[in-house]
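There are 2 protein chains.
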Amino acid sequence: MRQSKLFTKTKKENPADEASKNAELLIRGGFIHKEMAGVYTYLPLGLRTLKKIEKIIREEMNAIGGQEVSMTALQDPEIWKKTGRWDDDVVDVWFKTKLKNDTELGLGCTHEEPITNMMTNFISSYRDLPMFAYQFQTKFRNELRAKAGILRGREFLMKDMYSFCKDEKEHDEFYEKSKVAYMNVYKRVGLGHITYIVFASGGMFSKYSHEFQTITSVGEDLIYLDENKGIAVNKEVLNDDVLTSLGLKRENLVEHKAIEVGNIFTYGKRYSEPLNLNFMNETGESNPVFMGAYGIGVSRLMGTVVEALSDDKGIIWPEEIAPFKVHLLALGDSEKVTAQANMIYEQLNEAGVEVLFDDRLENSAGEKFADADLLGMPYRAVVSERSITAGGIELKKRTEEKGKIVSLEELLKIVSEKN
Amino acid sequence: MRQSKLFTKTKKENPADEASKNAELLIRGGFIHKEMAGVYTYLPLGLRTLKKIEKIIREEMNAIGGQEVSMTALQDPEIWKKTGRWDDDVVDVWFKTKLKNDTELGLGCTHEEPITNMMTNFISSYRDLPMFAYQFQTKFRNELRAKAGILRGREFLMKDMYSFCKDEKEHDEFYEKSKVAYMNVYKRVGLGHITYIVFASGGMFSKYSHEFQTITSVGEDLIYLDENKGIAVNKEVLNDDVLTSLGLKRENLVEHKAIEVGNIFTYGKRYSEPLNLNFMNETGESNPVFMGAYGIGVSRLMGTVVEALSDDKGIIWPEEIAPFKVHLLALGDSEKVTAQANMIYEQLNEAGVEVLFDDRLENSAGEKFADADLLGMPYRAVVSERSITAGGIELKKRTEEKGKIVSLEELLKIVSEKN
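For the record, the sequence lines run as chains A and B. For what it's worth, this note's numbering labels the leading residue of the first sequence as 1, then goes sequentially. For what it's worth, this note's numbering labels the leading residue of the second sequence as 420, then goes sequentially.
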């Protein structure tokens, strides 16, 4: 895409009303726009990254047998009353609204109740199990405060998967598979090296739940990691009983701040019983379905990448989720540079390489370099009088200090490689 | 996909609480699930079609220079008060809700106000114009009644595009382009032959707006079509003045019921003036931006396809939006049929053909045929003892009465063709 056509523009100054690095950088770069606290519009560059993260998650959920659906925001209170979760004292993040006839409705903050209720239409026998359904859907949560940018929104995109099994054994098998799928997601979005599966409180329904925590200096959670064993526990379950049962010793644990980028829960019959989601087993006996839930905040994951991987110049997008792979900069307005840069832009497009082309005439070289650092595409390719004289294009990774001169052929080869 | 794994199931009976054909067929087929009146979950088959329609619209909007964004449902009243549209007496379909601190918010029923407001950050000069931004986004409309299935929902997916131009001339150029793009969409979803551009009321801001109306016997609108001239007018503007200005004669007009599947509006300065979206022109003068809006209800379009193209046996999906291109049926449970059908399934998958494989063992041939008709994939490929004896696979288009025996090679060739 030609940057001269992109309607968003970068800003030099941080927004005055944001406290988090992710919101500052994403707003300065024109990836997102703040509608109100915790409520953000995704602009063209930001939406490209969000969609790429969504695609990665979709592929990993499909790989473990997930079937995609899309549920609704508007919620019927009757279903939630059956599980006792309609009351604002029980679920304290409800947004509620009303139909014209004064019937109260809710805006979905999660979807256990409607999906369990819906599945009574489709699950009746052990032959229908196991089954896994997921969605990408906008959640609404009436947070008292929303100061963490896209890490904790009042309206945000979430992937939520729900599993339906005949018993705990069948459930456990899928639960273990989901861990692998989740770690694949974190690897592919570029956070694999700093993301850990963490034991956390299981609540009433199982001994533990599991969180996926990405270590960063700004995380709201504290985790305790045994690096040798690769096992971590959340502060909330850090006690002698838990340590003993996991074979961990206090002296081997290192404390880290971390951001929760996903969680998986075993529910058992918590929702299937009150909502009458039963199945007939092999011997003709009716039993509640054994359930689990698996969440990833898609926008939260995007925010975490910005928090964890940016430097003081701007964002550093990992390749698989960068809005564009290459940021091509034309410096100066000489005919030679313009012609050369246009030709390279076309060649990259033809080769199927996603490229943002800074073809703006009114901007200085310094401004273009600063924008390239702020916007954070994996490769910066500069065409200038100097690069042409030196024999080609100056290519630099976002993570490198210095570039090198390459030919067009070399450029195409390097940026076409899967890394 | 193997139908034995698909969690949805077809139903023989129409749902008791639906009055529209689209809801009846889509629910019976397991494409959608009703959460409440006008609020539907998209199930795996339905979501595939919805996403394909979205993809077509995205391609056509990108082709005319649209830049994709994703705005929010939660709405700040302050922006809407500036245009006078916060009041329930002015906009009678608001859903409203509240933050914890009692601040009132709205749920977006349309997005003129927030996008106009946002663009004050990005538009300042004639050099920023023209610019076109669009989104696929969930709209909330508090309709008094919602009995038309996915034709008129309280929560539904819409594509809305907004254009920003320096003057009426620049606007008119894009407006004409948008008509072509819209007609491309209707052609690609299979409604081109029965969809017309219709002159409708322009409201306060321009002489006409334009609607895109698909002729069906259940439409809520009445249009008057001059088939020779290919010009149609909505009943609301059917008067002598309009007819004269369009060069139409009453006696040449035929009345049709039709469903509105899109509309385009010229706003001029209606929103830019109250929201201060101005630009500096070539001579340094500040002027309000000249705006237009372009809507297509994505789910409504899907419902229209069902209303317009189904027969008494079920849905007939056009190829480009069918959940799967081929419905492969294995009849009987003989080893020979099972092995042959599995092999064909794999070959189709390898060839990149989207195929739904009815590999269910407990269902009769009659049930499988009825399901194939109800679900409406463009091609039905049957593998049975009889088809194998006859030398291959019985292939039939959904629109054909009788099938013919083809070899695997012929099958692959026919279903790989773009039609």
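Hint data in this document are derived by calculation from the structure and do not stem from the laboratory. Just so you know, not all the hints are guaranteed correct.
30 Å max Cα-Cα, derived BS3-like pairs, lysine-lysine [what the hints assert, rightly or not]:
(1) B/Lys-585 <-> A/Lys-12
(2) A/Lys-82 <-> B/Lys-688
(3) A/Lys-100 <-> B/Lys-815
(4) A/Lys-55 <-> B/Lys-500
(5) B/Lys-500 <-> A/Lys-179
(6) A/Lys-147 <-> A/Lys-51
(7) B/Lys-668 <-> A/Lys-51
(8) B/Lys-787 <-> B/Lys-453
(9) A/Lys-96 <-> B/Lys-519
(10) A/Lys-368 <-> A/Lys-325
(11) B/Lys-626 <-> B/Lys-732
(12) B/Lys-501 <-> A/Lys-11
(13) B/Lys-453 <-> B/Lys-500
(14) A/Lys-55 <-> B/Lys-606
(15) B/Lys-626 <-> A/Lys-169
(16) B/Lys-519 <-> A/Lys-82
(17) A/Lys-166 <-> B/Lys-606
(18) B/Lys-732 <-> A/Lys-81
(19) A/Lys-5 <-> B/Lys-598
(20) B/Lys-688 <-> A/Lys-51
(21) B/Lys-501 <-> A/Lys-98
(22) B/Lys-588 <-> A/Lys-51
(23) A/Lys-5 <-> A/Lys-249
(24) B/Lys-519 <-> A/Lys-5
(25) B/Lys-626 <-> A/Lys-325
(26) B/Lys-501 <-> A/Lys-96
(27) A/Lys-81 <-> B/Lys-823
(28) B/Lys-732 <-> A/Lys-5
(29) B/Lys-474 <-> B/Lys-500
(30) A/Lys-169 <-> A/Lys-147
(31) B/Lys-787 <-> B/Lys-515
(32) B/Lys-832 <-> A/Lys-100
(33) A/Lys-81 <-> B/Lys-501
(34) A/Lys-368 <-> B/Lys-501
(35) B/Lys-431 <-> B/Lys-453
(36) B/Lys-470 <-> A/Lys-51
(37) B/Lys-585 <-> A/Lys-187
(38) A/Lys-98 <-> B/Lys-519
(39) A/Lys-169 <-> B/Lys-424
(40) B/Lys-500 <-> A/Lys-147
Quick rundown of the hints versus the structure:
At roughly 27 Å between alpha-carbon atoms, B/Lys-585 and A/Lys-12 fall within 30 Å of each other, so this suggested pair holds. For the hint pairing A/Lys-82 with B/Lys-688, the CA-to-CA distance comes to about 50 Å; that exceeds 30 Å, so the pair is violated. Between the alpha carbons of A/Lys-100 and B/Lys-815 the distance comes to roughly 48 Å, so the proposed pair goes past 30 Å and is violated. For the given pair, A/Lys-55 sits about 38 Å from B/Lys-500 by alpha-carbon distance, which is inconsistent with the 30 Å threshold.
For the hint linking B/Lys-500 to A/Lys-179, the alpha-carbon distance of about 48 Å lies beyond 30 Å, and the restraint is violated. Between A/Lys-147 and A/Lys-51 the alpha-carbon distance is near 24 Å, which keeps this suggested pair within the 30 Å criterion. Between B/Lys-668 and A/Lys-51, the direct Cα distance comes to roughly 50 Å. Violation of the 30 Å bound is thereby established for this hinted pair. Distance hint between B/Lys-787 and B/Lys-453 is fulfilled; the C-alpha atoms sit about 25 Å from each other, no more than 30 Å.
For the suggested pair A/Lys-96 and B/Lys-519, the alpha carbons sit about 11 Å apart, so the restraint of at most 30 Å is met. With a CA separation close to 17 Å, the supplied pair A/Lys-368 and A/Lys-325 stays within the 30 Å bound. Under the criterion of a C-alpha separation no larger than 30 Å, the hint pairing B/Lys-626 with B/Lys-732 is inconsistent with the structure, at around 44 Å. Distance hint between B/Lys-501 and A/Lys-11 is fulfilled; the C-alpha atoms sit about 27 Å from each other, no more than 30 Å.
Taking the CA atoms of B/Lys-453 and B/Lys-500, the gap is near 34 Å; set against the 30 Å cutoff, the hint is violated. As the CA atoms of A/Lys-55 and B/Lys-606 are separated by approximately 28 Å, the hinted pair is consistent with the 30 Å bound. About 68 Å separates the Cα atoms of B/Lys-626 and A/Lys-169, which puts this hinted pair outside 30 Å; it is violated. The suggested pairing of B/Lys-519 with A/Lys-82 holds, with an alpha-carbon distance near 25 Å, which does not exceed 30 Å.
With a CA separation close to 46 Å, the supplied pair A/Lys-166 and B/Lys-606 exceeds the 30 Å bound. The straight-line distance between the Cα atoms of B/Lys-732 and A/Lys-81 is roughly 39 Å, outside the 30 Å bound, and the hint therefore fails. Proximity of A/Lys-5 to B/Lys-598 is assessed by CA-CA distance (about 22 Å); at most 30 Å being required, the pair is judged to hold. A C-alpha spacing of about 33 Å is found between B/Lys-688 and A/Lys-51, which places the hinted pair above 30 Å, so the restraint is violated.
A hinted pair counts as satisfied when its Cα atoms are at most 30 Å apart, and B/Lys-501 with A/Lys-98 qualifies at roughly 24 Å. Pair hint B/Lys-588 plus A/Lys-51 does not hold up; C-alpha atoms about 35 Å apart against a cutoff of 30 Å. Between A/Lys-5 and A/Lys-249, the direct Cα distance comes to roughly 58 Å. Violation of the 30 Å bound is thereby established for this hinted pair. Of the pairs offered as hints, the one joining B/Lys-519 and A/Lys-5 is violated, with about 40 Å between alpha carbons and a cut-off of 30 Å exceeded.
A hinted pair counts as satisfied when its Cα atoms are at most 30 Å apart, and B/Lys-626 with A/Lys-325 does not qualify at roughly 46 Å. Of the pairs offered as hints, the one joining B/Lys-501 and A/Lys-96 holds, with about 25 Å between alpha carbons and a cut-off of 30 Å not exceeded. Of the supplied pair hints, the one linking A/Lys-81 and B/Lys-823 is violated, its CA atoms being roughly 55 Å apart against a limit of 30 Å. About 49 Å separates the Cα atoms of B/Lys-732 and A/Lys-5, which puts this hinted pair outside 30 Å; it is violated.
Proximity of B/Lys-474 to B/Lys-500 is assessed by CA-CA distance (about 35 Å); at most 30 Å being required, the pair is judged violated. For the hint pairing A/Lys-169 with A/Lys-147, the CA-to-CA distance comes to about 41 Å; that exceeds 30 Å, so the pair is violated. Taking the CA atoms of B/Lys-787 and B/Lys-515, the gap is about 46 Å. The hint is violated against a cut of 30 Å. Restraint check for B/Lys-832 and A/Lys-100: the C-alpha separation of about 54 Å exceeds 30 Å, so the hint is violated.
Distance hint between A/Lys-81 and B/Lys-501 is unfulfilled; the C-alpha atoms sit about 39 Å from each other, more than 30 Å. Proximity of A/Lys-368 to B/Lys-501 is assessed by CA-CA distance (about 37 Å); at most 30 Å being required, the pair is judged violated. Straight-line distance between C-alpha atoms of B/Lys-431 and B/Lys-453 comes to about 17 Å, which keeps the hinted pair within the 30 Å bound. As the CA atoms of B/Lys-470 and A/Lys-51 are separated by approximately 13 Å, the hinted pair is consistent with the 30 Å bound.
Distance restraint check for B/Lys-585 and A/Lys-187: the Cα-Cα separation of roughly 46 Å exceeds the 30 Å cut-off, and the hinted pair is therefore not satisfied. Restraint check for A/Lys-98 and B/Lys-519: satisfied, since their Cα atoms lie roughly 17 Å apart, inside the 30 Å limit. A distance of roughly 20 Å separates the Cα atoms of A/Lys-169 and B/Lys-424; the hinted pair therefore holds under the 30 Å criterion. A hinted pair counts as satisfied when its Cα atoms are at most 30 Å apart, and B/Lys-500 with A/Lys-147 qualifies at roughly 26 Å.
In the structure shown, a violation is registered for the earlier hints numbered 2, 3, 4, 5, 7, 11, 13, 15, 17, 18, 20, 22, 23, 24, 25, 27, 28, 29, 30, 31, 32, 33, 34, 37, in ascending order.
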